[in-house]
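A.B. asks: Let's have the full structure, built from the sequences with the hints guiding it.
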Amino acid sequence: MPATITPSELEAITAAKVVDARGSACPGPLLEAKKGIGSVSVGSVLEIWSSDPVTKSDIGAWSTKVGHEFLGVLGGEGYERVFVRRRK
Amino acid sequence: MSDTEKLVFMVLHGPDHPEHATIPFVMGCAALASDVQVVLGFQADGVELVRAGVVDSVHAAGFPPLAKLMGDFRELGGTMLVCGPCINSRGITAADLVDGAEVVAAGRFVAEITSATNSLVY
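Chains as they are written, first to last, in our numbering: chain A, -14 to 73; chain B, 3 to 124.
Each hint should be verified, as a subset may be incorrect.
[Unchecked claim] Derived lysine-lysine pairs resembling DSBU-like cross-links, with alpha carbons at most 35 Å apart:
#, chain 1, residue 1, chain 2, residue 2
1, B, K8, A, K20
2, A, K50, A, K20
3, A, K50, A, K73
4, A, K20, A, K73
5, B, K70, B, K8
6, A, K50, B, K8
7, A, K2, B, K70
8, A, K2, B, K8
9, B, K70, A, K73
[Said to hold, decoys possible] In silico negatives: residues of chain B with every beta carbon more than 12 Å from chain A:
#, residue
10, K8
11, D18
12, S36
13, R92
14, A97
15, L99
16, V100
17, E114
18, L122
[Stated by the list, open to error] Far from chain A by the CB rule (all over 10 Å, computed), these chain B residues:
#, residue
19, E21
20, D58
21, G64
22, E104
23, R110
Hint data in this document are derived by calculation from the structure and do not stem from the laboratory. These numbers were taken from a predicted model, which means no experiment stands behind them. Ideal Cβ positions, reconstructed from N, Cα and C, are used throughout, including at glycine.
C.D. replies: Here's what the structure looks like:
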């Protein structure tokens, strides 16, 4: 799932909500994303933290399926920061 | 024909096979989170999973505990259908089942599967 913006652009984003799903196994991060996206307004960004390396592809596929925009991923220390913009 | 997508997962393994018991719930939760309707159909040893309290001791390596997944599945609006003859032969009654589990027979399973976008057997 290709990111839609560059890493430097991602770094500049202030997410409307951050969900910490570190330590959660599949499908935990996806379910946290599902819950979290409903709590941000349309056009705003949700950031999901996950220590599961498959989360970025999972969230990317999910975003396409349900109509949100997968923005990309930034690396953290032992986890990844996944960014999704709510589109509906 | 409805525009709504629906998946049916047939669950045939019980607590003695934690991974086979867990994966349909993982898939079901992911599908529900993706706005897809989901029916879990429990047959054969799979019916043991919906006997109240059984999932509390099922935890496949690499996955969340099955009790957590079952809770998520119900919270997301998934449907759980249980084979009547399968529980009868095991001495299980409807009163023994977890909340939300519905006892059905073959005709209901056929109706769910033939109206689904796709069906998988675990």
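A.B. asks: Each of the hints needs a verdict: does it hold here or not?
C.D. replies: Against the structure, the hints:
1. K8(B) to K20(A): 21 Å, holds
2. K50(A) to K20(A): 16 Å, holds
3. K50(A) to K73(A): Within the cut-off at roughly 12 Å; holds.
4. K20(A) to K73(A): 14 Å, holds
5. K70(B) to K8(B): 23 Å, holds
6. K50(A) to K8(B): With a Cα-Cα distance of about 14 Å, the restraint between K50(A) and K8(B) holds, given a limit of 35 Å.
7. K2(A) to K70(B): Roughly 24 Å between the alpha carbons, so the hint for K2(A) and K70(B) holds.
8. K2(A) to K8(B): 30 Å, holds
9. K70(B) to K73(A): 28 Å, holds
10. K8: 15 Å, holds
11. D18: 21 Å, holds
12. S36: 5 Å, violated
13. R92: 29 Å, holds
14. A97: At about 30 Å from chain A, A97(B) clears the 12 Å cut-off, so the statement holds.
15. L99: 24 Å, holds
16. V100: 19 Å, holds
17. E114: 22 Å, holds
18. L122: 16 Å, holds
19. E21: Per Cβ check, E21(B) is outside 10 Å of chain A; nearest 13 Å; holds.
20. D58: 18 Å, holds
21. G64: 6 Å, violated
22. E104: Nearest chain A Cβ is 23 Å from E104(B), so the label holds.
23. R110: 27 Å, holds
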